[in-house]
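Participant: Chain by chain, the residues:
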Amino acid sequence: MTSFSGNVGSMLRDVLQPILGDFVTKTSVSMASKKIGKTAETITIEDIPKLADALRPALCTLIGAQAADSVVSKLVELGRS
Amino acid sequence: MKYRLLCVIPLAFGLIHLFFYFLLSGQDFSHFVYYEIIVVKLLAFLGGLAAAVKFKRGDYLRFAWLYIGGSTLLYAISDIFFVSIMPNMIGITKSNIIRGILVAIGNLIFIIGIWMLARTWTSVVGLSFPGRLWAKRLIIGAAILVTLFLVVPSVIRGLQGSLSGNFGTWDLIVNMVSGLGDLIALSLIAPILLTALALRGGLLKWPWLFLTCILGSWLIYDGVHSWAPNLGLSPAEILGYANFFRVVACLYTVSAGLSQRFIMEGFHRQK
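Protein chains in written order, with this note's numbering: chain E, 1 to 81; chain B, 1 to 271.
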């Protein structure tokens, strides 16, 4: 199982875990990281907007486009702050 | 807290159903069940609709929720057209044909809805289920075996009744469609349960847990019809106990739809 730690990992976990739970947060971040040519362990704060976009299709399916957009913007904001 | 309430309410209403079963006499209870089932089916339709309208046009799960809610609406309309639990109303009449068509379409769209939900995780989202491969295969295999064990005897009984001339040809077709529909839809309980397990610890586990409860309740409902006669239960007892699970299944549809809606509304408010 992929693990992600540090500030970026904790940011992603804070946003995604309450919705998706621990297992899906880890697997979906791992899948999205691969899509942008990285691994969950090497994601940096600059990667968050791209990562958020890569996560969008899965979120869209589960919670609809509108709610997915809300999560994606929250992640992008976190990446900027 | 509200999700836990959504978990408990269907069971509480199931207990109220049992209370009326013990309180009312046979004929009065039959009338009570007739109206009760129509009401819970209409509520189930509203539950599915509540979730569907929160998704935008083109969102994958919008149609799955519409199909699940829509199937219960068709079943409710079929009950209104044709009083299925009342005796002496079987035959090839106009209302019987309308009922058959509605039940067949209802079953078909229920299967499509459950099929869409079942393939959400692996085929649409592209994620794998938690756990080892052998454990996942074991759960899927066990679900199919349990479905066969609980559903097949009632399907065979229905077919035997039709073939022995107790029912018309049209009823034979309706029974076959219903039975096959139950077999296909209920055997898909495993991927839905695995999705709920994957989402453990997150809010999204609730709609998937309730969806599992819907299929589980329908399975036991069929199981009561399959095995209760062998256990020596009277038709009145079967009506009482089986409909407990029908009430619970329909009300878990409400819980599933509402929980999906509440989760999505939470994001809209945050925006």
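Honestly, the hints are just simulated from the structure, not real lab data. Be aware that a few hints might be false.
Claimed, not checked - Calculated Cβ distances over 12 Å to all of chain E for the following chain B residues:
#, residue
1, L49
2, A104
3, V125
4, L127
5, W227
What the hints assert, rightly or not - If you only want the chain E side, here are some residues facing chain B, beta carbon under 8 Å, derived:
#, residue
6, D22
7, F23
8, T27
9, G37
10, C60
11, T61
12, G64
13, A67
14, S70
15, V72
Please read all numbers here as calculations on a predicted model, not as lab measurements. Quick reminder that beta carbons are idealized off the backbone N, C-alpha and C, glycines included.
Participant: Does each hint hold? Answer for all of them.
Facilitator: A quick look at each hint next to the structure:
no.	hint	verdict
1	L49	holds, 15 Å
2	A104	holds, 29 Å
3	V125	violated, 5 Å
4	L127	violated, 5 Å
5	W227	holds, 36 Å
6	D22	holds, 5 Å
7	F23	holds, 5 Å
8	T27	holds, 5 Å
9	G37	violated, 17 Å
10	C60	holds, 7 Å
11	T61	holds, 5 Å
12	G64	holds, 4 Å
13	A67	holds, 4 Å
14	S70	holds, 4 Å
15	V72	violated, 11 Å
Comparing the model with each numbered hint stated earlier shows that hints 3, 4, 9 and 15 do not hold.
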